[in-house]
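Enquirer: Work out the full structure, taking the sequences as your base and the hints as a guide.
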Amino acid sequence: MSRLTGRTVLLTGASGGIGAALCDALVGADAWVIAVGRDAARLEAIAARHPPGRVSVVQADLATDAGRAALVDAVSRREIAPSVLVLAHAMGGFGLFEDQSDAALRALVDTNLTGALLLIHALLPTLRTHPRPAVVAVGSTFGSLAFPGFAAYSATKFGLRGLMEGLSREYADSGLRFQYLSPRATRTAFNTPQAEAMNREMKVAQDDPDAVAAQLVAAIADGRRRLQIGWPERLFVRLNGVLPGLVDRNLRAQLPIVRRHARP
Numbered sequence: 062m063s064r065l066t067g068r069t070v071l072l073t074g075a076s077g078g079i080g081a082a083l084c085d086a087l088v089g090a091d092a093w094v095i096a097v098g099r100d101a102a103r104l105e106a107i108a109a110r111h112p113p114g115r116v117s118v119v120q121a122d123l124a125t126d127a128g129r130a131a132l133v134d135a136v137s138r139r140e141i142a143p144s145v146l147v148l149a150h151a152m153g154g155f156g157l158f159e160d161q162s163d164a165a166l167r168a169l170v171d172t173n174l175t176g177a178l179l180l181i182h183a184l185l186p187t188l189r190t191h192p193r194p195a196v197v198a199v200g201s202t203f204g205s206l207a208f209p210g211f212a213a214y215s216a217t218k219f220g221l222r223g224l225m226e227g228l229s230r231e232y233a234d235s236g237l238r239f240q241y242l243s244p245r246a247t248r249t250a251f252n253t254p255q256a257e258a259m260n261r262e263m264k265v266a267q268d269d270p271d272a273v274a275a276q277l278v279a280a281i282a283d284g285r286r287r288l289q290i291g292w293p294e295r296l297f298v299r300l301n302g303v304l305p306g307l308v309d310r311n312l313r314a315q316l317p318i319v320r321r322h323a324r325p
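When you read off a place in the sequence shown, starting at 1, and then add 61, the result is the number in the working numbering.
A portion of the hints provided could be inaccurate.
Computed Cβ-Cβ distance ranges for the label pairs, DEER-style [to be verified]:
hint: 1; residue 1: R310; residue 2: R189; range: 45 to 55 Å
hint: 2; residue 1: R138; residue 2: L178; range: 35 to 45 Å
hint: 3; residue 1: R189; residue 2: A109; range: 25 to 35 Å
hint: 4; residue 1: G306; residue 2: S162; range: 29 to 39 Å
hint: 5; residue 1: I318; residue 2: A250; range: 14 to 24 Å
hint: 6; residue 1: L179; residue 2: L316; range: 31 to 41 Å
hint: 7; residue 1: G302; residue 2: D91; range: 35 to 45 Å
Just so you know, these hints were derived from the structure itself, not from any lab. Just so it is clear, CB atoms sit at the ideal spot from N, CA and C, and this is done for glycine as well.
Expert: Right, here's the structure in full:
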């Protein structure tokens, strides 16, 4: 029996590449899923893959106050409230920092960091009605290792990682668990054609979303507080923590490739 058997999981970003695979994997682990996303048609198609009632859908834009309020209201009206919140929604941000507009940068922060922070804050009272609640953030390698061409995106993921780490320590003496789980590059439509071209030239390894989802669900069930998927990404993250100058030199050598693909 899975440790997620019978539990209700609120999954944001469920209409995305990793999110859709996560939804399937959570159902496979015998959980009930509230799938949240902006694409209603895609959410309904995902729900249709599973037995009736196993996946319920809520359309909401979590970067907005109205979207978060609608989701919190939908959760409050459920007979069984979720005991696990999985934050898998994100906006990409590949491009040179000086070329990005104020509006694009603001949307990136509102989606990836502010929206997640405020949703956690709004749902904590509901989650804490359960004996083993959990908040899980699907992060990124770039949340531990900032990458040229992804400066603003990295900043939002660093912020999300800091939030989860801080909350984990703030609630260390409670039953509430906070987890930050980091995939590496994954083959989904989240990546722009320019980012895909850069990854190919730099020979960046990319994982299948179903394989990533399986590792994430296993970590959620086991209660792992931190996870970095992939090698050598785990090594690079550790090196960036203890020998950042070494990583600086390596990435500086890659700058011509990054700039060629990141420029508009």
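Enquirer: Confirm or reject each hint.
Expert: Going down the list of hints, with the structure as the test:
A hinted range of 45 to 55 Å for the beta carbons of R310 and R189 is consistent with their spacing of about 46 Å. Between R138 and L178 the C-beta distance comes to about 24 Å, which lies outside the given range of 35 to 45 Å. Here the CB-CB span from R189 to A109 is close to 33 Å, well matched to the stated 25 to 35 Å. One distance hint, 29 to 39 Å for the beta-carbon pair G306 and S162, holds here, with the actual separation near 32 Å.
Checked against the given bound of 14 to 24 Å, the beta carbons of I318 and A250, roughly 22 Å apart, stay inside it. Look at L179 against L316: about 36 Å separates their beta carbons, and that is inside 31 to 41 Å. Evaluation of the 35 to 45 Å hint for G302 and D91 yields a pass: the beta carbon distance comes to about 37 Å.
The structure is inconsistent with hint 2 alone, although it conforms to all the rest.
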